[in-house]
Amino acid sequence: MSEHVTATYRVNSEGRTIAHPAHHTLLEVLREACGLTGTKHGCELGECGTCTVLIDGEPQLSCLVLAREVEGAAIDTVEGLEGRDLHPLQKTFADLGAAQCGYCTPGILMAAKALIERKPTPTRADVCEALSGNLCRCTGYIKIIEAVEWAAALCRGESGARPADASLYGVCKEKPHG
Amino acid sequence: MMRLPTFTYVGAKTLEDAVTALADDPEGTRLVAGGTDLWPNLKRRHQGARSVVGLRRVAGLRGITGDPAAGVTIGAMTTLTDILRCPMLRDGYPGFVRAVASISSPVLRNMGTLGGNLCLDTRCTYYNQNEEWRQSIGYCMKEVGDTCWVAPGSPRCWAVQASDSAPALCSLDAHVVLHSTAGERVIPIADLYNDDGIVYLTKSRTEILTEIRLGPAGARRSTYWKLRRRGSIDFPVLGVGVALELDGGTVSSAKIHLGAVHSFPVAATAAAAHLLGKSLTEDVIAEAAELAKDPASPLDNTDFTLQWRRRMVGSYVDGALRELAGLPPKATPSVHGEGALALEV
Ligand SMILES: Cc1cc2nc3c(=O)[nH]c(=O)nc-3n(C[C@H](O)[C@H](O)[C@H](O)COP(=O)(O)OP(=O)(O)OC[C@H]3O[C@@H](n4cnc5c(N)ncnc54)[C@H](O)[C@@H]3O)c2cc1C
Ligand code: SF4
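Chains H and D, in that order, are what the protein sequence lines are.
Take the first sequence: its position 38, counted from the start at 1, is 38 in my numbering, and no numbers get skipped.
Take the second sequence: its position 69, counted from the start at 1, is 1069 in my numbering, and no numbers get skipped.
So here's chain H without its partners, still in its complex pose:
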């Protein structure tokens, strides 16, 4: 049997003391030891972004973090997003149909949350860049981008009109990457 360590993690503001194999990544600890399966495992090599969680507020890939290296850090996963109500990002993703199979969604929600907190009024190029490490094979990204922009508006306390339907199926006018 492999060596185990006992470590205390702060996940979604709650302390959890867990014994787990010493060589496990944060992704393995979250899913297998904490039972928090909202964080998905995709490529497990840093290429897809679906395992994105926030570590001390910054989006990072939990598949490439050795769990014991982040003992004591604030870890936020998709399960912590909802407070008394849905987070604006959850609302806009649901209302706009910004998820299809939904596998990439937890990672995208966490990357988007960090973006909105750092830049409350992101440009479309900012949204595209902030999500450029998160792959989605279903939606074509437009609905995701619009959902993030709409959620940012809601977080700013704006009435937040739903984006015009025409743009839902239109093309991204500002081209993010040459």
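Worth double-checking, as some hints may not be accurate.
Listed next, with one range per pair, are the computed distances between beta-carbon atoms [what the hints assert, rightly or not]:
#	chain 1	residue 1	chain 2	residue 2	range
1	D	Arg1050	H	Arg118	39 to 45 Å
2	D	Ser1204	H	Gln100	48 to 54 Å
3	D	Glu1287	H	Gln100	35 to 41 Å
4	H	Arg124	D	Pro1329	19 to 25 Å
Which chain H residues stay away from chain D? Per the calculated CB distances, all over 12 Å, these [stated by the list, open to error]:
#	residue
5	His23
6	Gly46
7	Gly49
8	Leu66
9	Gln100
10	Arg137
11	Arg156
According to the in silico footprint, chain H covers these stretches of chain D (three or more CB under 8 Å from chain H) [unchecked claim]:
#	stretch
12	1108-1122
13	1243-1257
Keep in mind the hints are simulated off the structure, nothing from the lab.
Note that beta-carbon positions come from the ideal geometry of N, C-alpha and C, so glycine has one too.
Got chain H sorted already, so can you dock chain D with the ligands onto it with the hints?
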């Protein structure tokens, strides 16, 4: 789940801890900084480790000090995002910051460090595959095989240098500080790289890179152009780092380094020398760009076709020099990290 192999983990708290742990078992020990290169390599069993020394908690390795007038020192554990968010680096060393902006993706830049980027493993289409794939061809020389599949018959490995910041820092004449139980030494960054895809660094396995030192920025202009398939995530297929100084309209110093065309960042010395004492006219730039193709000797082991990559060396050197000369781009300009630069202000 693709799991890491088991290893003994040493969470170093001081540099002393780290160099001692390395000296105990240099062959079996690996350092981990951000882990964005080491963990994928261990997961796919490209690399193995009896023990891993974590540098994350070593005090004093993260941070940016100094200023462009006197020179800037960057700790090896400084993240790529820290660099993008540093206004004085953007002002003084735009070529370097652009190179950093073009690395991987925002999530990876929050994790990856500059030291890790400079010590990044070399890459090859016959190597960066899963283990079953590699096993099916009997591996290659970079692992336990005895053939180089890119150049069968070659006695060496041609895996490519894949760090974006390396060519940019070479063109800026940066230095790196290396620490071991034997003490400290400072070397020009170009001397950190070896002409071999397997032993790609000249530093010994007992040495830790602790600092990157940039000289005074002066009036130097610099830029970095990166060729890749997608606008994010992808490693460079070509990187062009250029730094030059003009004195009354003529070029008084010039450095051009090419990344991803060889196992180390290649200096395009004839191209740079051609610019000296001349004005940056369209013709002079085109001549230099032609000369830059010679030292680039890419083999067919990255994305895109070999012939096109060779042609692009000329186009990218031409484009980078035109940008520094203030000339309009010839074609629709490509984007080299602009998105990240706008996001991380
Ligand atoms: C999907 C993906 C895309 C990527 N795209 C790019 C790209 O476009 N361009 C690019 O340049 N890189 C790219 N990378 C590679 C990597 O993310 C970056 O190079 C990053 O900066 C590596 O830093 P790190 O701290 O994570 O390194 P680590 O993985 O921690 O270390 C990398 C190597 O350096 C050694 N090392 C680390 N720190 C030190 C030190 N202080 N002294 C001595 N040795 C040390 C380690 O032992 C290891 O061998 C990509 C990675 C992934 C997974
Ligand atoms: S260049 Fe040759 S030896 Fe080196 S990784 Fe590629 S196939 Fe293997």
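(message) Check the structure against each numbered hint from earlier and tell me which ones fail, lowest number first.
(response) 3, 5, 6, 7, 8 and 13
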